[in-house]
Every structure is written in structure tokens, then in C-alpha cells.
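Quick mapping for you: the protein sequence lines, in order, are chains A and B. For the first sequence, the positions run 0 to 245 when numbering that gives the first Met the number 0 is used. For the second sequence, the positions run 0 to 245 when numbering that gives the first Met the number 0 is used.
For the record, the hints were derived by calculation from the structure and aren't laboratory data. Keep in mind the model is a prediction, meaning the values are calculated, not measured. Treat the hints with caution; some may be incorrect.
Copies of the same chain look alike in the list, so a pair counts if it fits in one copy or across any two.
[What the hints assert, rightly or not] List time: in silico BS3-like cross-link candidates among lysine-lysine, alpha-carbon distance up to 30 angstroms: (1) 9 x 233; (2) 9 x 52; (3) 233 x 6; (4) 91 x 233; (5) 91 x 6; (6) 6 x 52.
There are 2 protein chains.
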Amino acid sequence: MVQSVAKAFKVLQAFDAQHPAMTLSEIAQQADLDLSAAQRFAHTLQQLGYLLKHPGTRQFSLSLKSLDLAYHYRLSSQLVNRAMPVLHHVSKETEETVNLTVLDGTEVVYLERIQSRHVLATNVTTGTRLPAYCLSPGRAILSRLPNDIACSVIAASDLVKHTSHTETDPDRLIDLIEAARQQGYAACFEELYHGDASIAAPILGPDSQAIGAISIATTLSRFSREEVVERYAKLIISAARSVSAY
Amino acid sequence: MVQSVAKAFKVLQAFDAQHPAMTLSEIAQQADLDLSAAQRFAHTLQQLGYLLKHPGTRQFSLSLKSLDLAYHYRLSSQLVNRAMPVLHHVSKETEETVNLTVLDGTEVVYLERIQSRHVLATNVTTGTRLPAYCLSPGRAILSRLPNDIACSVIAASDLVKHTSHTETDPDRLIDLIEAARQQGYAACFEELYHGDASIAAPILGPDSQAIGAISIATTLSRFSREEVVERYAKLIISAARSVSAY
Numbered sequence: 000m001v002q003s004v005a006k007a008f009k010v011l012q013a014f015d016a017q018h019p020a021m022t023l024s025e026i027a028q029q030a031d032l033d034l035s036a037a038q039r040f041a042h043t044l045q046q047l048g049y050l051l052k053h054p055g056t057r058q059f060s061l062s063l064k065s066l067d068l069a070y071h072y073r074l075s076s077q078l079v080n081r082a083m084p085v086l087h088h089v090s091k092e093t094e095e096t097v098n099l100t101v102l103d104g105t106e107v108v109y110l111e112r113i114q115s116r117h118v119l120a121t122n123v124t125t126g127t128r129l130p131a132y133c134l135s136p137g138r139a140i141l142s143r144l145p146n147d148i149a150c151s152v153i154a155a156s157d158l159v160k161h162t163s164h165t166e167t168d169p170d171r172l173i174d175l176i177e178a179a180r181q182q183g184y185a186a187c188f189e190e191l192y193h194g195d196a197s198i199a200a201p202i203l204g205p206d207s208q209a210i211g212a213i214s215i216a217t218t219l220s221r222f223s224r225e226e227v228v229e230r231y232a233k234l235i236i237s238a239a240r241s242v243s244a245y
Numbered sequence: 000m001v002q003s004v005a006k007a008f009k010v011l012q013a014f015d016a017q018h019p020a021m022t023l024s025e026i027a028q029q030a031d032l033d034l035s036a037a038q039r040f041a042h043t044l045q046q047l048g049y050l051l052k053h054p055g056t057r058q059f060s061l062s063l064k065s066l067d068l069a070y071h072y073r074l075s076s077q078l079v080n081r082a083m084p085v086l087h088h089v090s091k092e093t094e095e096t097v098n099l100t101v102l103d104g105t106e107v108v109y110l111e112r113i114q115s116r117h118v119l120a121t122n123v124t125t126g127t128r129l130p131a132y133c134l135s136p137g138r139a140i141l142s143r144l145p146n147d148i149a150c151s152v153i154a155a156s157d158l159v160k161h162t163s164h165t166e167t168d169p170d171r172l173i174d175l176i177e178a179a180r181q182q183g184y185a186a187c188f189e190e191l192y193h194g195d196a197s198i199a200a201p202i203l204g205p206d207s208q209a210i211g212a213i214s215i216a217t218t219l220s221r222f223s224r225e226e227v228v229e230r231y232a233k234l235i236i237s238a239a240r241s242v243s244a245y
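Put together the whole structure using the sequences plus the hints.
Below is the structure:
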């Protein structure tokens, strides 16, 4: 491991929504580096174009160039490329929000999202990470992974009651994942936000294990739980199957 | 400049749509490094989680973590945060594709995009860079930058005829930018693709210079050029103004 590279990434990762712009001493504190290291790496990252320095405030912030890696990731992802036409199809058919997600540790990561004009949510965008245990894509993916992996993800999750409907009992979560395996889809209602409703199906790789999920996200203000399943279960299963590699 | 950091980013930047997965020797070639440097930095980036190594093929590819920086950039961008509710409003009003863009050198970079269900384009996504001279957001931004900057961007641009309608004469481009300044918007028709139509207005910063643009993208298969302007010119001007800092 080249330590200076690790330190440079500590500096970059120190910037987030809570710390959009920082002075060198703030960077040192957030990145857990001494001031001279923070200075060397911030200036190197500035020269490479990944950080901007604001002349007035002497604060640094992430630059446009930080979009490039994600852009290259998405362009080079075979999963994204295979899924995009299907996401667009489901979006046109349903006029609901359609997501492509993968599992990373205990979290679901949003790779692509086509928003509905019915319910515009500004807070979930590409790269967003949300807990897998209480989301339909998370349960759909876990339903087509080996049982011991699903159990270990649930065991490692911080099971928080986001609403009164959030299931946080590990055994019942395993039952819900088993039910998703049998149904071919997972549906979650109001487990993360009040009124949310989503339904997801797993995308399978060549070994028939889940490599991601497609989900439709809508709201209980327009449909009952039963209507969400009736309308969208078959569609989401066939959409996910058409992206699957088998 | 810490050279090892620069080399690490050369390795990361070597991955793109043409090179989604590479062996160490391919990385060395693309990143212009010797094999042992490519090996050291690829393994460091793998340990840091930015590259994945595929056991079977011994190829490396970008990992999910490469989405994180872009996610943090967007969350921390004041422009994105201010613009999102307005983009959603314009999307709902028009049901067309709505974009937030900024200028970087001679290119327009897409920061956010809410797609229309009428014309789903799979090839433009967050982080996409396209030439400013032939796009309405590019001309809208240039119309509210100092004249010498607009001229130098046009002079530095590779003026390519993407279609028979692409304007590539530098003097006429400056005239079109001047017209956009007077109208408050820029409209482009079929200058990048056959049938494309878009209209954009500049977002102004505290010094009344453009810091970005909002645009509506549609198609000439549904509207004439005159209809695009009639329907959307006022809306795009007021949308951009409501995000402007003055």
C-alpha cells in the first residue's frame, strides 16, 4: 500500500454534505492528518484538479473532476449498460420512479434512477447508500444470495426503526427474505419513510446469484399495498429477468 | 505535488468506456507507467476499495466506491442544491428532459438531468461532457461571461460539423452568443444530433456572471423550432433566474 495515496484519498473523502468547504486545518481534523500532510495532499489534489481553492475564504472544495470517476464507472459497467434500456421501458410503462441498485456490505447503492414526475424526491441520487434490510431492492438481492450471506448481512446491519413499520427483528427479516425468494420479488411499505412503497426483483448473474435489483418506487398516497403488488409484481420480475445473465 | 498521488490518479483515469477492465500491463500502457508502478498503484487502489480485481481474468475495473466522490460533490454543491427544486418544477411543468449544466473549459458538464418519458436518451448522464459551442447551455453560459472569455472559449473549441446544421463559423457563433445575451436564452436545433432541440438560460452568480445553465431538451418530431421557443423561452428564463444569486 502506497501510504501517500491512502492519505490523499482521506483528504478527498473528508468532503461531504456536512463539510462541503474546508480550510486546511479543518481538512487536517476531518481526515485525521497533521496540518503539513493536509497541506501537501490538498495542494496536490488541487494541482490534479480534484479540489478547488477559493481565493477569498482559503477554503477547499471538491471540483467538477470528482464527477469523472463515477461517469467512467457507469459507462464501463456492464450491468448499467444492460439495464438502462429496461429501466427506461419500466419508467415509460409505469411513470413511477425506477431504480437500479447493487448491494455493498449492508447497504444498497443506487447506480441509476429515473424519476417519476408524480413523486419527485430530491434526496436520493446516483451514489446514494441506504440500508438493505429495510428496502425492497436489498431484500430482493438477499433473497437470491446464499442463505449464510443473507444472514450475515442482516446480522451486520444496524437494525433501526425508521418508522413504526420498519421490521427490525432479525428472524422476521430472514422470513421476509425467504418469502421474497419464493415470490420472486420483495415489496416494502413505509419501512424507511412514511408513505413510501416499493417493489423490487433481483437481477441474476451467470451463477444464478443476485448481482443487483430493479425496483419501482411509488407512494401509498396513490395506491394501496395490494395495488402496488398487483400492478407491478409481474412487470418488475420480467424486467429484472430480462437483465439477468442466464 | 506528491508524485505518487498523481500516478494513482493516472491509473484510475485510465479506466473508461473503451477500457472498462484491464490487466496490469494494459493499465501500465494506458496510464503511461512502467509495469512495477502500475502494479503498486493498482494494488494500493484495490486495497483502498477504488479498484476491483477479478480473480479469474486478473483484470482490474473501477469499483462502486468511485461513485462516492461524485455523490459527495453533488451533495455539497450549493448550485445543485439550489437548482434541484427548480429542475423538478420545470420537469413537472413541461414533461421534457431538464438539465443543470456548468461550463468547464470548452465543454458543458451535466450535473443533474431529469429525463423525459417522451424521449429517453440513454447516452447522456451525470458527468457527461459535450462541446459548449453547439449546445444551448454552452451558448447561454457564454452569453453572460465577459466577451473575451466567450471569444477565447470559441477560439479554443474544436469546431466540428456534427450535423449539416452545426454552426462552426467562429464569427457567427459569437453573433449567436450575442443574440442569446439580448434574448436571455439560447436555443439550438439539430446542431449535435438530427432532430434535437433545446433551449437554455444562464444561472448568474453574485457578480452577474453565468455560473451554469438550466436547459430543456426536446425533439423536433413533436414541436417546430418556433413552438419550442414559444412554449419554453419564458419558463426557462424565469427558472434560471430563480436559481441565480442576484
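Now the hints, each set against the structure:
Within a single copy, residue 9 and residue 233 get their C-alpha atoms no closer than 45 angstroms, and across copies no closer than 45 angstroms, so neither meets the 30 angstroms cut-off. Taking CA atoms no more than 30 angstroms apart as the test, residue 9 paired with residue 52 passes in both settings, with 17 angstroms inside one copy and 22 angstroms between copies. Neither within a single protomer nor between protomers do residue 233 and residue 6 lie at most 30 angstroms apart by alpha-carbon distance, with minima of 48 angstroms and 49 angstroms respectively. Taking CA atoms no more than 30 angstroms apart as the test, residue 91 paired with residue 233 passes in both settings, with 16 angstroms inside one copy and 28 angstroms between copies.
In this homomeric assembly, residue 91 and residue 6 never come within 30 angstroms of each other (Cα to Cα): the closest approach is 45 angstroms inside a single copy and 44 angstroms across copies. Taking CA atoms no more than 30 angstroms apart as the test, residue 6 paired with residue 52 passes in both settings, with 19 angstroms inside one copy and 22 angstroms between copies.
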